[in-house]
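> Under full-length UniProt numbering, think of the first position of the sequence shown as 1, with each following residue one higher.
The set of hints was computed from the structure by calculation and includes no laboratory data. Certain hints may be false.
Unchecked claim - Listed below are the simulated DSSO-like cross-link pairs for lysine-lysine, each with C-alpha atoms no more than 30 Å apart in a straight line:
| no. | residue 1 | residue 2 |
| --- | --- | --- |
| 1 | 640 | 303 |
| 2 | 353 | 296 |
| 3 | 292 | 247 |
| 4 | 278 | 724 |
| 5 | 640 | 724 |
| 6 | 72 | 402 |
| 7 | 251 | 586 |
| 8 | 288 | 275 |
| 9 | 264 | 303 |
| 10 | 292 | 353 |
| 11 | 699 | 650 |
| 12 | 732 | 640 |
| 13 | 598 | 555 |
| 14 | 323 | 353 |
| 15 | 640 | 265 |
| 16 | 732 | 506 |
| 17 | 379 | 275 |
| 18 | 323 | 264 |
| 19 | 65 | 30 |
| 20 | 170 | 65 |
| 21 | 31 | 94 |
| 22 | 653 | 506 |
| 23 | 725 | 653 |
| 24 | 555 | 247 |
| 25 | 506 | 699 |
| 26 | 72 | 94 |
| 27 | 207 | 246 |
| 28 | 251 | 555 |
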Amino acid sequence: MYGTSPTYRVIIKGLVQGVGFRPFVYRIAKKYNISGWVRNTPQGVEIEMQGAEYAIKLFMEAIHKETPPAAKIDYSEVQNTNPQPTHKTFRIIKSSGESNDITELCPDIAVCEDCLSDIQSQPHRINYPFINCTNCGPRFSIIKNIPYDRPKTTMNSFQMCSQCYNEYTKINDRRFHAQPIACNNCGPVYTLHFNGSENSETASILKQTAQIIDNGGIVLIKGIGGFFICGDAYREEVTRKIRKIKKRDNKPFAVMLSGLNALKKHTQPTQQELKSLKSWRRPVVLLKQKTKGLAKNINEGLKNLGCILPYMPFHYLLFEQLKTDTILYTSANFSNTPIIKENQFALEYFTGKVDAILTYNRTIENRVDDSVIQVIQDKPQLLRRARGYTPRSIQLAGSEHKIVALGADQKGCFSLGMPGKAIMSQHIGALDNAETFNFFLNTIDHFRQLFHFGTPEAIAVDAHPDYFSRQHGLQLSKNFNVPLLSTFHHHAHIASVLAEHQITEKVIGISMDGTGYGTDGHIWGSEFLIADIREFERRYHFEYMPMPGGESAIKHPWKMAVAIIVQTFKNGDDLAFQYFGKSIGKQQVKLVIESIKKNINCPLTCGAGRLFDAVAALLGICLISGYEAEAPMKLESLVKNNSSEAYTFKIEKNHVSFNEMFHQIIDDMQNNISPSEIATRFHQTLVEVIVETALILRKQYDIHTVALSGGLFQNRFVMRNTVKKLKEKHFKCLVNENVPPNDGGIALGQLAIANARMRSI
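Could you build the full structure based on these sequences and the hints that come with them?
Structure below.
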C-alpha cells in the first residue's frame, strides 16, 4: 500500500484536444517527477497530479509556456482536492464523457516538417500520403463526436498495425496517442480511377497522376475536407476546361505552388504573407502577382493571385513527380454549391468530365473548404473562414445564453453561442442554392449534436424578410418555443467588431458593403452609425439611387451607371446612350431609362458597392458581372500605388452626395484621363468621405473610437488608407480579426446583439 498524498486537480480549457496536448502534459510530468494522470473530457483536459510543491509550480509554468504549436489555452484552474491514493507514476487514462461543458475541437493541421522527413525515411511510411502525428494531420474533418478519440473519428474502421500501436503507446514517440496514426500497412489508401481501371499502388498513382497533369490533363483529387480539381496552371486550355466543368466563366481561381521558389517566381510576398502561407492553418493567401507566365485566364483583370502551399503529404509527394511547379487548385463544386466530399458522387458525376479521379477510403465527416486571407498593413484579414480555423471558438465576453445565430444568405455561416464563447461554422456559401441550404441545415444539426448544445434559448436572424436563413430561424423558433431576435445587417457587422474586441461602449460604426435590409425597408450599405452591441442610431449614409431591375442591377453594373447618370445629369439620357448604346444596345438602355423614370421595379439602394459597379461600368472594365464583386475587384486592380486628389463630394443633413464626383468623372473621361487615374481618385474619394464623416460624428458625440466592417473593407486601398488617416486624426480604429468583414462574420455580430438583448429581458 502506498497510502495517500496531497493531490491537485487541474482543469484546462481551450484548443487542447487533437493537438498532442496529453502527450505533451505526460512528457512535462515525467520531466518534473509528477505522478498522477491526464485525460480528455468534454470540458477540455483534466489533470490529477501529485509531487513536490516546487515541481508542481514548474510543471504548471511549463504547461503554459511550452504548449504544442496548434494548442491554445483559454482558461486553467488548479484545485486542491482531498488527499488521494498515492500514484506510482504518471499515466494517460481513458477519456471521460461526464460533463456537458464542451471543449474546443481542433481544426485540421497542415503536415509538419517531421512527418515530411519520416515519409522519406521510415520504412513503413515511405511515400505514405496520410502520414500524421500529434502535431499535424486531419482533425475537424474526421471528428464524429467528442471527446477526440480514435473510435469517435472516421479512423475508427482502420485497426492499427503492431508498429503503429507501438508508436501510439510509446511515451517519447511523436505519435504517442496520435488518434489518426496510420502507415502503409494499416491506414487509408488512395485509388486512382483512370481509363476504366483502378490502381491503389502509391508510387504508380503518383507517377500516373503527374504525367496526366503535365500532359495537360485534369485530375479530381480527394483532399482533407473535400475534392479538388487540379491542372497545369501554365496552360490556358486547362483553365478553360475547368471553367466549363465548374460552370464558372471568369471568377478567379487559386493556384498551389510547389514551394517558395515557385511562389517568389510568380508573386511578391511580404514577410507577413509568407508567415501566413507557411502557418499550420495553411490558407489561400492573396498575393501581388509578379509575372505573366501563368495562364492569364486564371485571374484575368486582377493584380492579385490566390496562392496556397502544399498542406497534405500527398501534395508534396505529387510535386516531387510533377514537372510543373504550379497547379490550378480549385474546390470541386459548381457555382454556389458545397464542395463535394463523397467518393460515389465524385465518380458518378466527374467520370468523363475529368481525365482521372483520385479517391481514398476514409470518410470525410465534415466538409470544409480552404480558408482565404489577405494581408493589409502586415495584419492578416480573413476573407473566408474554413479549414485551419473552424471550429476554433471565439471568446465572447458577457455571453451567457445558448443562442443560434444564422448569419446572412450570402457567404452563409452560422454561430452557436455558449457561455463565454461563440462557435462559428465553416464557410457554407450562398443559401439561395438548394444543395447549399441543405448543407447549412445539416451542419447546424451536426454542430448542435457535436457540441452537446441542447435546446437554444433564442434564435438570432437577419431582419430581411426574404432571407432563407430567417425563414429557417422562424421554424427553429417555433420548434423550440424560444424568441426570434431580428438584427439589422449593418448593425451586426459593427457588433461583430465590438464582440471581437470586447467593447461595450458606443462607437462610430462605419459599415460599408453592397446590400443589407434597412429599417426603412430600403437596401442599405453605406452606414455611419452610433452604435453599441445592443442598439444603433443611423446618422449618415450615401444618397439613395435606384436599382433598375432590383437584384438584376448587381449582375449588370451598366444598369447602375445608367441609373446614376439619369439621376445626376440633365442630359442623362444622351450620356447613357453615348456610353452604353453600342456595347449594350440602344433598346436595352432605353428600357432601363424608362423603368427609372417611371419607377418600375427600381428599389432604392445606398450601397457603396453599387457606386463601384457604376464607375467600373463607366470605365468599360465590367459591364456584366460574372461573379460576386467582379466590378469592385477589377476597379481596385486599376488603382495606382501613389495617391491622387479626391473628387468633390458633399456631406448634407443625413447623407453624402456624389453628384459633383460623377460630373468630374465624366469630365475626366471626356478629357481622356486614364482609367487608372480615375479609379484612384474614386477610391481616394471614398476614403475622404469616411474620414470627414467620422470627424463630424466625433464633434457631435465626443466618440473617439471607430469600428469598420463590411465587404468594402476588403478593398486594400480603402482599408489601408482609411485606417491610416483615422489614426492620424487620433481615432482608435477597430477592425475584424477573427472573422471576415464580409457577410461571413455577420453571425458573430448577431450573436453578440442577441446576448445583449437577452440580458435586458
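> With reference to the structure, classify each hint as holding or not holding.
These are the hints, each one checked on the structure:
1. Proposed proximity of residue 640 and residue 303 is supported: the alpha carbons are some 11 Å apart, at most 30 Å.
2. For the hint pairing residue 353 with residue 296, the CA-to-CA distance comes to about 23 Å; that is within 30 Å, so the pair holds.
3. For the proposed pair residue 292 and residue 247, the alpha carbon gap of about 25 Å is at most 30 Å, so the pair holds.
4. As the CA atoms of residue 278 and residue 724 are separated by approximately 28 Å, the hinted pair is consistent with the 30 Å bound.
5. For the hint linking residue 640 to residue 724, the alpha-carbon distance of about 17 Å falls within 30 Å, and the restraint holds.
6. Taking the CA atoms of residue 72 and residue 402, the gap is near 23 Å; set against the 30 Å cutoff, the hint holds.
7. The hinted pair formed by residue 251 and residue 586 meets the criterion: a straight-line CA distance of about 28 Å does not exceed 30 Å.
8. For the given pair, residue 288 sits about 15 Å from residue 275 by alpha-carbon distance, which is consistent with the 30 Å threshold.
9. Note on residue 264 and residue 303: the hinted pairing holds, with a Cα-Cα distance of about 15 Å set against a maximum of 30 Å.
10. Distance restraint check for residue 292 and residue 353: the Cα-Cα separation of roughly 28 Å lies within the 30 Å cut-off, and the hinted pair is therefore satisfied.
11. This hinted pair checks out: residue 699 and residue 650 have alpha carbons roughly 18 Å apart, not beyond 30 Å.
12. Using a Cα cut-off of 30 Å, the hinted pair residue 732 and residue 640 holds, with the two alpha carbons roughly 27 Å apart.
13. Between residue 598 and residue 555 the CA atoms are separated by roughly 22 Å; this keeps the pair inside 30 Å, and the hint holds.
14. For the hint linking residue 323 to residue 353, the alpha-carbon distance of about 24 Å falls within 30 Å, and the restraint holds.
15. At most 30 Å may separate the alpha-carbon atoms for a hinted pair to count; residue 640 and residue 265 meet this at roughly 23 Å.
16. Distance check on the hinted pair: residue 732 and residue 506 sit about 13 Å apart at the alpha-carbon level, within 30 Å; holds.
17. At roughly 11 Å between alpha-carbon atoms, residue 379 and residue 275 fall within 30 Å of each other, so this suggested pair holds.
18. Simply put, residue 323 and residue 264 have alpha-carbon atoms about 17 Å apart, close enough for the 30 Å limit, and the pair holds.
19. Only pairs whose Cα atoms come within 30 Å are accepted, and residue 65 paired with residue 30 is accepted, the gap being roughly 17 Å.
20. At roughly 24 Å between alpha-carbon atoms, residue 170 and residue 65 fall within 30 Å of each other, so this suggested pair holds.
21. Taking the CA atoms of residue 31 and residue 94, the gap is about 22 Å. The hint holds against a cut of 30 Å.
22. Distance check on the hinted pair: residue 653 and residue 506 sit about 22 Å apart at the alpha-carbon level, within 30 Å; holds.
23. With a C-alpha separation of about 24 Å, the suggested pair residue 725 and residue 653 falls inside the 30 Å cut-off, and the hint holds.
24. Among the hinted pairs, residue 555 with residue 247 is consistent with the structure: their alpha-carbon atoms are about 16 Å apart, no more than 30 Å.
25. Restraint check: the Cα-Cα separation between residue 506 and residue 699 comes to about 14 Å, which is no more than 30 Å; the hinted pair holds.
26. Between residue 72 and residue 94 the CA atoms are separated by roughly 22 Å; this keeps the pair inside 30 Å, and the hint holds.
27. With a CA separation close to 26 Å, the supplied pair residue 207 and residue 246 stays within the 30 Å bound.
28. In summary, the hint linking residue 251 to residue 555 is supported, as the alpha carbons are separated by about 13 Å, within the 30 Å threshold.
Of the numbered hints given earlier, the model fails none.
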